[in-house]
Amino acid sequence: MKFAVITFPGSNCDQDAYHAAKDVLGQPAEYIWHKDSDLKGADVVVLPGGFAHGDYLRCGAMARFSPIMKEVQAFAAKGGPVIGICNGFQVLLEAGLLPGAMLRNRGLKFRCEHVHIRVEQTDTPFTAACRKGQVLRVPIAHGEGNYFAAPDVIARLEANRQVIFRYTTPDGRVADEANPNGSVAAIAGICNDARNVVGLMPHPERACEPILGSADGLAIFESVVQWIHKFSSATV
Amino acid sequence: MDSQVLERHGLTADEYRRIVDFLGREPNMTELGIFSVMWSEHCSYKSSRVHLRTLPTKGPQVLQGPGENAGAVDIGDGIAAVFKIESHNHPSFIEPYQGAATGVGGIIRDIFTMGARPIALLNSLRFGSLDQARIPRLLEGVVAGIGGYGNSIGIPTVGGEIAFEPSYAGNPLVNVFCLGVARHTDIIKGVASGVGNAVYYVGAKTGRDGIHGATMASAEFDDKSAEKRPAVQVGDPFMEKLLLEACLEVMQTDTLVGIQDMGAAGLTCSTTEMGSRGGAGIEIDVSLVPQRETGMTPYEIMLSESQERMLLVAKKGREAEVERIFEKWDLHASKIGVVTDDGMLRVKDKGVVVAEIPNRALTDEAPVYHRPMSEPEYLREVQTLDLDALERSPESVALQPRDALLALLASPTIASKRWVYHQYDYSVRTSTINEPGFGAGVVRVRGTDRALALSVDGNGRYCYLDPYRGAMLAVAEASRNVACAGAKPLGATNCLNFGNPERPGTMWQFAKAVEGIGAACRALNVPITGGNVSLYNETDGNAIYPTPVIGIVGLLEHADRVVGRRFQSSGDAIILLGEGRDELGGSEYLKVVHGLVRGVPPALDLEREAALQRLLVSLASDRLMRSAHDCSDGGLAVTLAECCFDTNGIGAEVEVGGGSRIAALFGESASRVVIAAASDDVTTVLERAAAANVPAHVIGETGGNRVRISVAGETAIDVSVDDAERVWSTAIEKYFAKRVA
Chain A
1 MKFAVITFPG
11 SNCDQDAYHA
21 AKDVLGQPAE
31 YIWHKDSDLK
41 GADVVVLPGG
51 FAHGDYLRCG
61 AMARFSPIMK
71 EVQAFAAKGG
81 PVIGICNGFQ
91 VLLEAGLLPG
101 AMLRNRGLKF
111 RCEHVHIRVE
121 QTDTPFTAAC
131 RKGQVLRVPI
141 AHGEGNYFAA
151 PDVIARLEAN
161 RQVIFRYTTP
171 DGRVADEANP
181 NGSVAAIAGI
191 CNDARNVVGL
201 MPHPERACEP
211 ILGSADGLAI
221 FESVVQWIHK
231 FSSATV
Chain B
1 MDSQVLERHG
11 LTADEYRRIV
21 DFLGREPNMT
31 ELGIFSVMWS
41 EHCSYKSSRV
51 HLRTLPTKGP
61 QVLQGPGENA
71 GAVDIGDGIA
81 AVFKIESHNH
91 PSFIEPYQGA
101 ATGVGGIIRD
111 IFTMGARPIA
121 LLNSLRFGSL
131 DQARIPRLLE
141 GVVAGIGGYG
151 NSIGIPTVGG
161 EIAFEPSYAG
171 NPLVNVFCLG
181 VARHTDIIKG
191 VASGVGNAVY
201 YVGAKTGRDG
211 IHGATMASAE
221 FDDKSAEKRP
231 AVQVGDPFME
241 KLLLEACLEV
251 MQTDTLVGIQ
261 DMGAAGLTCS
271 TTEMGSRGGA
281 GIEIDVSLVP
291 QRETGMTPYE
301 IMLSESQERM
311 LLVAKKGREA
321 EVERIFEKWD
331 LHASKIGVVT
341 DDGMLRVKDK
351 GVVVAEIPNR
361 ALTDEAPVYH
371 RPMSEPEYLR
381 EVQTLDLDAL
391 ERSPESVALQ
401 PRDALLALLA
411 SPTIASKRWV
421 YHQYDYSVRT
431 STINEPGFGA
441 GVVRVRGTDR
451 ALALSVDGNG
461 RYCYLDPYRG
471 AMLAVAEASR
481 NVACAGAKPL
491 GATNCLNFGN
501 PERPGTMWQF
511 AKAVEGIGAA
521 CRALNVPITG
531 GNVSLYNETD
541 GNAIYPTPVI
551 GIVGLLEHAD
561 RVVGRRFQSS
571 GDAIILLGEG
581 RDELGGSEYL
591 KVVHGLVRGV
601 PPALDLEREA
611 ALQRLLVSLA
621 SDRLMRSAHD
631 CSDGGLAVTL
641 AECCFDTNGI
651 GAEVEVGGGS
661 RIAALFGESA
671 SRVVIAAASD
681 DVTTVLERAA
691 AANVPAHVIG
701 ETGGNRVRIS
711 VAGETAIDVS
721 VDDAERVWST
731 AIEKYFAKRV
741 A
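In order, the protein sequences belong to chains A and B.
Numbering-wise, our numbering puts 118 at position 118 of the first sequence, and it's gapless, one number per residue.
Numbering-wise, our numbering puts 443 at position 443 of the second sequence, and it's gapless, one number per residue.
Simulated from the structure, these hints should not be mistaken for lab results.
Cβ atoms here follow ideal geometry from the backbone N, Cα and C, with glycine treated the same way.
Errors might be hidden in some of the hints.
Unchecked claim - According to the in silico footprint, chain B covers these stretches of chain A (three or more CB under 8 angstroms from chain B):
#: 1; region: 45-58
#: 2; region: 92-98
#: 3; region: 123-130
#: 4; region: 197-206
#: 5; region: 216-225
What the hints assert, rightly or not - Lysine-lysine pairs mimicking DSS-like chemistry, simulated, CA-CA at most 30 angstroms apart:
#: 6; chain 1: A; residue 1: Lys-35; chain 2: B; residue 2: Lys-734
#: 7; chain 1: B; residue 1: Lys-734; chain 2: A; residue 2: Lys-109
#: 8; chain 1: A; residue 1: Lys-35; chain 2: B; residue 2: Lys-335
#: 9; chain 1: A; residue 1: Lys-230; chain 2: B; residue 2: Lys-189
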């Protein structure tokens with residue numbers, strides 16, 4: 001299996017996602033430049049964090065027009081697993097691959113710290129190896145991670161079990177003080193209808209080795225590796 | 001030339017005569033502008049140069065000393081640590097967000113210009129008291145600017161320090177430090193050579209922003225300073241991210257002769273310095289320079305300090321490769337001139353020569369001043385301190401040590417800076433292995449087992465009371481912080497923030513501080529590899545405390561042996577390395593509790609300090625210490641409390657002896673570190689300390705949920721970790737709480 005890490009101009013977590021996939025997980029990985037129009041046979045697509053195109057207009061608003069995004073759309077439409085992390089999540093929202101939008105954090109400040117997120121659903125490629133209710137300790141680093149969607153959209157997300165991660169206390173309770181940015185319903189990550197496209201604000205790639213203070217994020221990458229293996233053995 | 005014109009350019013009549021002598025004629029306005037920025041204090045170091053020459057800059061580990069865009073030391077395996085600190089004080093006062101942001105942008109460019117990938121940022125900040133009007137807003141703006149730039153470009157801000165003193169109210173200090181890594185063979189310099197080689201300009205277009213920024217940074221402030229706002233530049237971190245990636249990619253191709261960023265004095269400084277270093281000349285045509293505005297004159301183009309611009313010299317025949325890489329990143333490399341062999345800076349406008357100056361006149365032959373110096377009058381008086389009388393004073397007798405501890409923990413200089421560093425992305429690049437606030441900043445070096453520990457330190461109050469000793473203490477503390485993380489200090493960079501050098505008292509402070517830095521760097525074997533001088537930090541005649549800030553880089557051979565400030569578990573022995581000396585001069589205690597800035601700063605024995613640091617590195621390397629925290633601001637009591645914070649409430653029970661109870665608790669005697677060791681390791685640690693000639697005493701044990709300190713058998717402080725930690729962790733955010741909805 002192979003990871004494709006998309007590099008937009010202004011991406012700054014592309015090397016971290018690549019490192020997690022290649023060096024920590026030992027899986028093949030390749031950078032794909034945003035002007036390319038070929039995913040080069042990737043099995044998983046990662047849209048990394050950063051400030052694509054400087055995010056001067058609206059986070060992710062420019063990146064969705066990059067040539068590679070056509071390929072990402074097609075890949076997702078065929079059921080290929082796509083994960084958007086932080087700015088990558090924002091790009092997925094702008095591209096319409098996931099519903100909703102991001103507002104500025106409720107404190108109006110950039111926040112970087114470790115937070116706890118609870119795995120709400122395990123039937124996605126990126127949570128398949130997690131336990132339902134498992135609490136992961138992972139860092140956030142964003143200024144606009146306050147997830148928002150209209151009440152009917154939220155209701156649909158909840159009804160369809162598309163909320164994949166929620167901010168919680170270390171023991172897994174949803175609480176206002178555990179919500180770092182004011183996201184509605186403490187939403188930290190969601191998936192699409194088909195469940196193969198996942199976006200989240202926290203950075204699992206920054207929590208893949210104990211020396212970094214947490215290796216909890218590894219579960220997300222290991223999930224997709226297992227999922228791909230299962231999927232390919234099933235189709236062979 | 002009109003004397004008003006000279007004054008506007010910050011040139012003296014003498015300096016003007018020199019210019020005429022050099023040229024053998026009167027300069028035109030463009031030339032005058034070029035001289036004015038190159039001979040400004042900021043670019044020429046004309047007041048400081050004679051003193052800076054005395055600093056130690058050599059050592060087997062030094063790959064690049066002062067004079068290049070940044071310094072470099074060897075960290076093994078053919079890898080170099082490239083680093084530098086720089087000030088952006090004046091712009092940050094005028095426009096806090098952009099001033100601080102462009103400071104970060106500038107120091108990052110200095111690092112990648114050397115061929116190194118920037119991997120960490122630190123900053124050292126000074127503000128007036130948070131109780132003063134405007135100061136919270138200044139802090140907020142500076143922090144947002146640092147974060148706005150560093151977060152966007154994706155380089156983690158892993159540490160730093162902030163102090164608050166009324167003396168900085170009109171002149172905040174914003175010193176920014178950047179570290180990069182490069183293979184030795186990839187280091188590239190800012191030289192131009194090879195007649196006929198093309199000179200390229202790449203990056204943002206040139207606008208009218210920042211004209212005379214270097215001159216602004218070379219003058220005092222007064223009530224008209226707000227009018228200088230247009231001299232502050234606006235940063236574009238996205239452009240810099242593209243430049244960074246594109247430049248590092250070009251550098252991998254062996255197509256460049258040299259490269260330099262355009263910082264202070266923009267195109268003027270970069271063309272002159274590159275030509276000068278390469279023993280060559282550069283000829284450019286300003287009409288070929290990409291411009292953001294119409295109708296710009298050669299004068300404006302040469303003096304603009306628009307950000308995110310680079311100048312590079314390509315090897316003949318390789319131009320197309322260079323251009324292609326920049327095009328990939330949507331950047332356009334414009335050929336604006338050629339290298340010549342006549343040692344001249346020649347500026348043309350559509351083919352017509354508009355300025356022609358020998359490089360030498362702008363660089364090596366720039367004025368050098370031996371400014372008059374004399375010990376300032378205030379010094380003798382403020383150095384007197386009667387410790388006995390102080391201790392017998394009614395306030396002291398009435399004061400409970402517990403309350404003094406809480407007051408110190410609430411002092412913004414000591415309090416947790418979490419409110420600040422949570423606004424910085426410190427975890428991007430997945431290499432940060434000691435977070436901000438947990439001791440020195442530590443980043444691992446990917447592809448190796450190693451890590452680099454970084455610290456920036458300086459104590460303006462100490463330097464105000466004794467600039468020589470204060471500067472030594474700054475070097476010792478920065479180096480000690482790095483050693484506490486388990487890293488061997490390798491090299492230093494300095495940022496010297498002072499007042500007006502034309503005042504003999506200020507110049508004396510400067511000279512003494514440089515002497516102190518030199519002495520400490522020699523003794524601790526941390527050569528100075530570069531840095532920056534910021535003078536004229538005065539507003540309406542009030543100078544800041546003399547503030548040398550020292551950045552130290554140290555090497556951990558094994559990243560996983562990094563040590564932090566926090567106690568790791570209950571039941572560990574608490575050991576004090578070093579000894580207290582009944583000192584209180586210049587302490588945070590005197591200032592916070594008694595409102596006094598008096599006495600002499602703590603004594604420093606450099607040999608003992610060096611021995612202590614060597615011991616720390618060896619204890620960490622053999623995994624014999626589980627935490628280590630330098631005893632500085634607030635003394636032993638604050639240090640012990642801080643060791644308990646962020647541990648989920650691990651307490652400490654400690655017993656110390658001592659003459660003065662207050663000095664034992666809150667004195668800031670140098671060369672002391674509180675470490676924790678597993679009980680099985682205590683004997684070994686004490687033996688190692690004895691062999692290293694470092695005093696070491698087991699003073700207590702971790703555990704419980706209280707900080708309990710007895711002095712000479714009597715309980716002096718007994719407070720719950722939770723209560724103390726609440727005070728410490730919320731003190732700064734309280735100043736902003738009402739402002740956030």
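Hint-by-hint comparison with the structure:
With 7 residues carrying a beta carbon less than 8 angstroms from a beta carbon of chain B, the region 45-58 of chain A meets the three-residue requirement, and the given coverage holds. With 0 residues having a Cβ less than 8 angstroms from any Cβ of chain B, the region 92-98 of chain A misses the three-residue criterion, and the hint is violated. For the region 123-130 of chain A, the stated coverage by chain B is violated: 0 residues have a C-beta nearer than 8 angstroms to a C-beta of that chain, whereas at least 3 were required. Counting residues of the region 197-206 of chain A whose CB lies closer than 8 angstroms to any CB of chain B gives 3, which reaches the minimum of 3, so the coverage claim holds.
For the region 216-225 of chain A, the stated coverage by chain B is violated: 0 residues have a C-beta nearer than 8 angstroms to a C-beta of that chain, whereas at least 3 were required. For the proposed pair Lys-35 of chain A and Lys-734 of chain B, the alpha carbon gap of about 47 angstroms is over 30 angstroms, so the pair is violated. Among the hinted pairs, Lys-734 of chain B with Lys-109 of chain A is consistent with the structure: their alpha-carbon atoms are about 16 angstroms apart, no more than 30 angstroms. For the suggested pair Lys-35 of chain A and Lys-335 of chain B, the alpha carbons sit about 26 angstroms apart, so the restraint of at most 30 angstroms is met.
About 52 angstroms separates the Cα atoms of Lys-230 of chain A and Lys-189 of chain B, which puts this hinted pair outside 30 angstroms; it is violated.
The structure fails to meet hints 2, 3, 5, 6, 9 from the earlier list, while all remaining hints are met.
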